[in-house]
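Student: Sequence:
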Amino acid sequence: MENARAIQAQHYSDLNYPNKKQFLAFPSYTCMVDFAEERGCKTVLEIGAGLSTAVWASFAQRSGAEVCTVDASFARMRSYFKNTRNEETVSSHIKLIEGTTIHCSDLVDFYAEEPRQAYGGIDVASLTDHLHLFQNQNCSIKRWHKVNKIAGRWDWSARDLMTTESSLLLPRQLLDLFSSGKNFDNEISFLQDMDSQDKGGVIDTLLANGANWDFIFFDSGELASMIEWPLLKDNIAIGGYAAFHDIYFPKSLKNIIPCAAILADPDWEMVFCDDSTKQGLMIAQRLR
94 MENARAIQAQ
104 HYSDLNYPNK
114 KQFLAFPSYT
124 CMVDFAEERG
134 CKTVLEIGAG
144 LSTAVWASFA
154 QRSGAEVCTV
164 DASFARMRSY
174 FKNTRNEETV
184 SSHIKLIEGT
194 TIHCSDLVDF
204 YAEEPRQAYG
214 GIDVASLTDH
224 LHLFQNQNCS
234 IKRWHKVNKI
244 AGRWDWSARD
254 LMTTESSLLL
264 PRQLLDLFSS
274 GKNFDNEISF
284 LQDMDSQDKG
294 GVIDTLLANG
304 ANWDFIFFDS
314 GELASMIEWP
324 LLKDNIAIGG
334 YAAFHDIYFP
344 KSLKNIIPCA
354 AILADPDWEM
364 VFCDDSTKQG
374 LMIAQRLR
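In terms of the working numbering, the sequence shown is residues 94 to 381.
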């Protein structure tokens, strides 16, 4: 990590970091991209643009790798790079696709009030044994108290909150907490609007065109990432990698289920986990 911070200071000191939290999390991105470069990854999909996109752009410039980044809007990302040396690098070396990865119907169907017994080809009963590994208290006191209120107790576990009788079922209150404006209906409205502009379902378009990747970085919206993993996991090359940011609950909801599913999946193996930041980052390799 010290080497990663040195790289940050040397090459990315002029970025417009939005806050200290993002500044401290940045070395995780350089570690991840170095990992991808060392293993010769040539096709990369980044879901969710941000400060990490600058690191992927430098990687693409050096290696000639094809890097594609998907986001509903690139305005915030561009604000990080405006008037910096990274602005042109991102523009020249990253393929930017503006749109949402999923359709509104994907969101509604996935979070329907019906228990889900399997996730990503894995029995939910088997992944629940790993949920505790991605639960900690590195979140705001306000967030912790809100989850306590939803659970109705202070000694809750992620397993208690997200599963029932070995099935996946996230309560509406939890979905509201991690939705924009603290209301799940806002997520539905947003995706409906993107669908109406023909900007929804980017994953469907990519897969229809036969896309496959050596490396996918999952750093999407709080409620989208859980849906993206089952859609994309089989389109990562055998021997390829999946990386997940914001892996710890209740700071985030987005990747606790995908990460637990990977640990229960014999076709995947965790090869790297960074717990030095509140967000955390995990990398897994597809074995077969």
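Each hint should be verified, as a subset may be incorrect.
[Claimed, not checked] Under the rule of at most 27 Å between Cα atoms (straight-line distance), these lysine-lysine pairs were calculated in the DSSO-like manner:
{"id": "1", "residue 1": "Lys-235", "residue 2": "Lys-275"}
{"id": "2", "residue 1": "Lys-326", "residue 2": "Lys-235"}
{"id": "3", "residue 1": "Lys-275", "residue 2": "Lys-188"}
[To be verified] Here are the computed distance ranges between Cβ atoms for each label pair:
{"id": "4", "residue 1": "Thr-298", "residue 2": "Asn-276", "range": "25 to 31 Å"}
{"id": "5", "residue 1": "Asp-253", "residue 2": "Asp-107", "range": "43 to 49 Å"}
{"id": "6", "residue 1": "Ala-168", "residue 2": "Gln-210", "range": "21 to 27 Å"}
{"id": "7", "residue 1": "Lys-113", "residue 2": "Arg-155", "range": "27 to 33 Å"}
{"id": "8", "residue 1": "Glu-130", "residue 2": "Glu-181", "range": "27 to 33 Å"}
{"id": "9", "residue 1": "Ser-185", "residue 2": "Leu-117", "range": "16 to 22 Å"}
{"id": "10", "residue 1": "Arg-265", "residue 2": "Lys-292", "range": "34 to 40 Å"}
{"id": "11", "residue 1": "Lys-275", "residue 2": "Pro-208", "range": "23 to 29 Å"}
{"id": "12", "residue 1": "Asp-253", "residue 2": "Arg-155", "range": "17 to 23 Å"}
{"id": "13", "residue 1": "Arg-169", "residue 2": "Leu-117", "range": "15 to 21 Å"}
{"id": "14", "residue 1": "Pro-208", "residue 2": "Asp-360", "range": "35 to 41 Å"}
{"id": "15", "residue 1": "Glu-95", "residue 2": "Ala-168", "range": "30 to 36 Å"}
{"id": "16", "residue 1": "Lys-113", "residue 2": "Ala-301", "range": "24 to 30 Å"}
It should be emphasised that the hints constitute simulated quantities derived from the structure, not laboratory data. We treat Cβ as the ideally placed atom computed from N, Cα and C, and that holds for glycine.
Student: Run every hint past the structure and note whether it holds.
Tutor: Here is what the structure says about each hint:
1. Lys-235 - Lys-275: OK: Lys-235 and Lys-275 at ~13 Å, within 27 Å.
2. Lys-326 - Lys-235: violated (34 Å)
3. Lys-275 - Lys-188: violated (32 Å)
4. Thr-298 - Asn-276: 25 to 31 Å: holds (28 Å)
5. Asp-253 - Asp-107: 43 to 49 Å: Since Asp-253 and Asp-107 have Cβ atoms about 45 Å apart, the given range 43 to 49 Å holds.
6. Ala-168 - Gln-210: 21 to 27 Å: About 40 Å separates the Cβ atoms of Ala-168 and Gln-210, which means 21 to 27 Å is violated.
7. Lys-113 - Arg-155: 27 to 33 Å: Cβ of Lys-113 to Cβ of Arg-155: about 29 Å, so the range 27 to 33 Å holds.
8. Glu-130 - Glu-181: 27 to 33 Å: Because 21 Å falls outside the window, the suggested range is violated.
9. Ser-185 - Leu-117: 16 to 22 Å: With Cβ atoms ~28 Å apart, the hint is violated.
10. Arg-265 - Lys-292: 34 to 40 Å: Violated, since Arg-265 and Lys-292 (Cβ atoms, about 26 Å apart) do not stay within the stated range.
11. Lys-275 - Pro-208: 23 to 29 Å: holds (24 Å)
12. Asp-253 - Arg-155: 17 to 23 Å: violated (46 Å)
13. Arg-169 - Leu-117: 15 to 21 Å: holds (18 Å)
14. Pro-208 - Asp-360: 35 to 41 Å: Hint violated: Cβ distance 24 Å, outside 35 to 41 Å.
15. Glu-95 - Ala-168: 30 to 36 Å: The hinted range 30 to 36 Å holds for Glu-95 and Ala-168, with Cβ atoms some 33 Å apart.
16. Lys-113 - Ala-301: 24 to 30 Å: 42 Å Cβ-Cβ, so the 24 to 30 Å window is violated.
When the structure is compared with the earlier hints, violations turn up for hints 2, 3, 6, 8, 9, 10, 12, 14, 16 and for no others.
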